[in-house]
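Novice: Each protein sequence line maps, in turn, to chains A and V. Residues 32 to 121 in the numbering used here are what the first sequence spells out, letter by letter. Residues 7 to 223 in the numbering used here are what the second sequence spells out, letter by letter.
Honestly, I wouldn't trust all of these hints.
With a straight-line Cα cutoff of 25 Å, these simulated DSS-like cross-link-like pairs (lysine-lysine) come out [to be verified]: (1) A:K39 <-> V:K132; (2) A:K38 <-> V:K138; (3) V:K42 <-> V:K132; (4) A:K38 <-> V:K43; (5) V:K138 <-> V:K42; (6) V:K132 <-> V:K43; (7) V:K136 <-> V:K43; (8) A:K39 <-> V:K43; (9) V:K48 <-> A:K39; (10) A:K38 <-> V:K136.
Quick caveat, the hints were computed from the structure, so don't treat them as lab data.
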Amino acid sequence: MFKTNDKKGLVIFGVLILVFLTLSIAAYVTSGHMGIEERFNNAVGIHADSEEEGPSGIFGFNIEGNLVSYVIIASALIIICAVLYTRSKL
Amino acid sequence: MAHIHLEDGAFTLQWISVWWLLAIVLISLCLYWMRKKGIDSKTITIAGMLTAASFAIFQVNMPLFGGVHMNLTPLIGILGGPALGGVIVLIVNILSAAIGHGGWGMIGANVLVNMTEVSAAYGTYKWLGKTKVSTFARAGTAVLIGLFLGNIVMIAIILISGVQGVTQNRIDMLYGLSLLAGVNMGVAVIEAIVTGYIVSYIERVRPDMLRGVEDHV
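Let the hints inform the model, and build the full structure from the sequences given.
Specialist: Quick look at the structure:
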C-alpha cells in the first residue's frame, strides 16, 4: 500500500513522536502540574504569587489575554481574509 | 509554540533593545527579499489566512500538561516560506501583545524564536522533498524539528539575557527551561500531527498552494 520511501518517512516520524512524547511526559512528571506562566516563572526563578484561577472555559480550553479584544481582532482578520479571498480568486 | 512567556521588565532594557534590533534587521531582510521577488495577490491572501489562523489558535490555552498553546508557525513556514513567514509572525506577536498575551518588550525576542521555527520547518520540509516521503510524514517531521530548534533559541535568548530580580544561577535556569522545553515538545507532537493532516489535505484539494514551496520568497 505504501511506497518504501513513504514507509521509511512514517517510521522516522513515528520514532520522533515517541522520543518527544517520552521526553515531554518525563519533563511534566518532574516539573509537576502548573499553568504556562507559572511554569515559566518557576523555570527562571521568579517567585510570583500563584496563578489566579481564571474561568475554566469550554472543556478547559480558554483564551489568554483580553477576550473582547481577541474577538474584535479575530473578527477583523476574518473579514480581511474574506475580502482578500473574493478579490484574489484564490 | 515556543514563546517567551515573561512579563515586560524581566529582561533589561539593553537586551530588549538587542533582540528588537535583531528582529528588525531580519524583518527588513524579509521585506527586501519579498520586494525583490515580487508578491502576487494570491500570496497576500494566503498570508492573511495564515495570520488569522495563527493568531486565533495562539491565544487558545489547551488543558494539557496544565496549560499549553500552539501557534502554527511551522505551517506558516511550509505554506508561506521564510520571508513571508517572518512578517506574519511579527504581526501575530504584535496582535497578541495588544490583547495582553506576552509583553511588548518581548516581541523582538519572540519574533526571533518564531522565525527560527518558520525557517527550520520550511527548510526541513523542502529538504525532505528530495527523499520523496509522504507529505504527512514530511510536514510532521518538519514541525517537530522546527519547534525543537525554536525551543533551543528560546532557552538561549533567556540564558543570554538573564532575568532581572532573580537569584537563580544560569545552570538552574537551564535545568528549569529544559523541563519547560520538554513539556513544550509534547504539544509539538500534537501540532505535528495536526499540521501533517492539514498539509496532506491541502495537497489533495489545492496542490497549487504547495507548489510554490520550491520557489518561495
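Novice: Please go over all the hints and tell whether each is borne out by the structure.
Specialist: Evaluation of the provided hints:
no., hint, in the structure
1, A:K39 <-> V:K132, "17 Å, holds"
2, A:K38 <-> V:K138, "11 Å, holds"
3, V:K42 <-> V:K132, "21 Å, holds"
4, A:K38 <-> V:K43, "37 Å, violated"
5, V:K138 <-> V:K42, "31 Å, violated"
6, V:K132 <-> V:K43, "19 Å, holds"
7, V:K136 <-> V:K43, "24 Å, holds"
8, A:K39 <-> V:K43, "36 Å, violated"
9, V:K48 <-> A:K39, "34 Å, violated"
10, A:K38 <-> V:K136, "15 Å, holds"
Of the hints listed earlier, those the structure fails to meet are numbers 4, 5, 8 and 9, in rising order.
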